[in-house]
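Participant: Each chain, letter by letter, is given below.
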Amino acid sequence: MLTKRIIPCLDMTEGKVVKGIQFVNFRDAGDPVELAKKYDDQGADELVFLDITATIDNRNILLDVVKRTAKEVTIPFTVGGGILTKKDMQLVLRAGADKVGVNTGAFKRPALISECAQSFGTQCVVLSLDVKRIGNQWNVIIDGGRTDTGISAIEWAQRAVKLGVGEILLTSIDTDGMKKGFDIELTKAVTQVVNIPVIASGGAGKLEDFKDIFIEGKADAALAASLFHFGELTINDVKKYLRNNNISVRL
Amino acid sequence: MIAIIDYGINNLESVKNALDKLGTTFIVTSDVATIQSADALILPGLGSASEGMKNLKKLNLDKVIISEVKNDKPILGICLGMQLLMSDSEEGDVDCLNLIKGTVTKFNSTNKIPQIGWNSISFNDDTNVQRLTEGISNNSYFYFVHSYYCQPNDTNIVKGITPYGQDYCSLFVKENIVGVQFHPEKSGKVGFQLLKNIINYFN
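Just so you know, the protein sequences line up as chains A and B, in that order. Its first residue numbered 300, the first sequence is counted upward by one per residue in my numbering. Its first residue numbered 12, the second sequence is counted upward by one per residue in my numbering.
Where hints are given, some of them may not hold.
[To be verified] No more than 20 Å apart at the CA atoms, straight line, and that leaves these computed lysine-lysine pairs for PhoX-like:
(1) B/K32 x A/K336
(2) A/K337 x B/K65
(3) A/K505 x A/K479
FYI, nobody ran anything at the bench for these hints, they're computed from the structure.
Given only the sequences and the hints, what does the whole structure look like? Please build it.
Facilitator: Okay, here's the thing in structure tokens:
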């Protein structure tokens, strides 16, 4: 049976892992390759690297981290941040990433999704979707949490699936870093309308949060960062808890 | 020496890194003569079947792979590489290498497509498979990323079964031909063990 996945996320800037709260107030969480290796040993199902500054200078540092990670880890990993062209995606894949996250670049030019899906396959194009509740609707937020597009996240998710994304990494800015649980309502709204895997992100604070996002939110995978980086829970703790609650995981 | 066949857009890095870790000698190549002189072949894969076949043909690699494998050279097809060993694929409605008779079909849409993640394999326990699964417990989890799956006509070659909506073939072995729908190079310790066993099986 296909298992639910637990995915640690490594937000990076200038080659270092950092973690913020609601996309600001970042603090240092260490060396990405070492952390990646540690999570692989702990039983992580996948890894996600997000280059949160994604400048030209950072691009080469990121590619170097990707290359070194690919040599060290034995599980798949996704890389996102600043992917604007098919060439950007190819560089990241050639460096050893298994999947690539597209966000602002795809929102501004949706053809990026179809171009990449055609060349590399839908399975390696991940829509990284940052969402904030504005009034009665969930809006797509781009530019690393800075710009409200005014467009419905649900509609954009459905359109991106048609264009060729194979998976959605869904981050709720409202719950990110707050450790009060994932955004179940948002996740449920997205998993109900798309037929591709959805990774829920933002807000994990305790064991029960993982159970809730799988059972109530119908997520296929759950992503967390600070919880794991600062050693509050290990991946093994989470998986054992889930198995005891009859949720299928790889242990 | 093992030749990893480079036909353009596939993800070779992870296969290279895995063989490096196992201490296996290999070369990444799209050169016909190098493929002819190699002891065994690996056909990795990422992307669509039609794109994959187009690239193999453009590089004149389809014919050399077929003739080498028909002359008993061992080959391992991984993911799309496994699917390309079949007669044809629904993905882009394309003729493939026809080394294994049968077709490649899309998953039923009652499931999420693509299947992404860790799923179990129930191994057949015949002697050939025992060599491949040495040190790996039955129903271990491996990493899968795919929308299509192989349906070999000869069900006797199906040596591993995975449940996703229906049970499907995730491992086939026919003498010198091994196909894996999952990514052993991305499946943690069990994946590396399986890769090691396959290389031993080829020797």
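Participant: Does the structure break any of the earlier hints, and which numbers would those be?
Facilitator: 2
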